[in-house]
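Protein chains in written order, with the working numbering: chain L, 1 to 130; chain H, 1001 to 1118.
Everything labelled a hint here was simulated from the structure, so no lab data went into it.
Take the hints with a grain of salt, since some may be wrong.
[To be verified] Quick list of in silico lysine-lysine cross-link-like pairs, BS3-like style, CA-CA up to 25 Å:
| no. | chain 1 | residue 1 | chain 2 | residue 2 |
| --- | --- | --- | --- | --- |
| 1 | H | 1059 | L | 2 |
| 2 | H | 1034 | L | 2 |
| 3 | H | 1113 | H | 1059 |
| 4 | H | 1034 | H | 1010 |
| 5 | H | 1059 | H | 1103 |
| 6 | H | 1010 | H | 1113 |
[Said to hold, decoys possible] Which residues of chain L face chain H? A partial, calculated answer using Cβ under 7 Å:
| no. | residue |
| --- | --- |
| 7 | 27 |
| 8 | 31 |
| 9 | 41 |
| 10 | 58 |
| 11 | 79 |
Note that CB positions come from ideal geometry on N, CA and C, so glycine has one too.
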Amino acid sequence: MKYSIAVYGGPYSHQATHTAFHFAQAVLDKGHEIQRVFFYHDGIYNGSALVAPPQDEANLPQQWQQLAEKNGVELVVCIAAAVRRGLLDENEAKRYSKPGSNLEQGYQLSGLGQLVDAGLECDRLVSFGP
Amino acid sequence: MSDILIIFRKPPVGTSWAREALDLALVGAAFGQKVSLLFMGDGVFQLAQNQQPDAVGQKGTQAMMQALSMYDIDDIYVHNDSLDTRGMAADQLNIDCQPITSKALPGLLQQHKQVFNF
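Construct the complete structure from the given sequences, taking the supplied hints into account.
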């Protein structure tokens, strides 16, 4: 089956992200495909390259990145939700004349239409939020 | 069968849930999907008249709600019991809604291919 996952919870604030990640692993372990993980609301913080958790805690942005790279999963962050919360790629940093960008490698900023599209294209869209 | 049902359960201010859920409704409609809305729980506060979200530095959702018909979002439901328990009445809301009973909720969900819950 083809899945997509929506994540609405921020890492280190809510269980939602951790649960979504475990679900994603389970889906892949069962031999299913994940087309896209869409980050919305506070979930966008999963795409921050500046996340620096203590050593004994999981680095969720990197874990998503590794999972995506290994399994060909798209990591898409809602651009409107991201930019207003201070998560920028190089283009947006330039557009808003900000001193730097902080979107983790392997993630892309795109429109909310990608969430609608995931719902249309996939057999299952499962969302995780606080 | 309609395409997308978006359930609003959060008040218009205090968090960005209401605004970001409404954004999804508008984008869904812009993508050619038939979108329905259901307000329940504290989400019914989004339907209150004379809101003044700017008093707490918020935009609220009122302006966006007025634009719904331009996006052909006309199927708007409000949960009866949620209104009752909050002292609100279906004929005193800021947009036209169809009241729906608890008993009818499962049927409403089944009529939609996708349900987004905020």
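Results for each hint:
1. H:1059 - L:2: It is violated: about 38 Å lies between the C-alpha atoms, which goes past 25 Å.
2. H:1034 - L:2: holds, 23 Å
3. H:1113 - H:1059: violated, 31 Å
4. H:1034 - H:1010: Holds, at roughly 22 Å.
5. H:1059 - H:1103: Violated - the C-alpha atoms of residue 1103 (chain H) and residue 1059 (chain H) are around 34 Å apart, more than 25 Å.
6. H:1010 - H:1113: holds, 23 Å
7. 27: violated, 18 Å
8. 31: violated, 24 Å
9. 41: holds, 5 Å
10. 58: violated, 26 Å
11. 79: Since chain H brings no Cβ nearer than about 11 Å to residue 79 (chain L), farther than 7 Å, the hint is violated.
In summary, the structure is inconsistent with hints 1, 3, 5, 7, 8, 10, 11 from the numbered list given earlier, while agreeing with the others.
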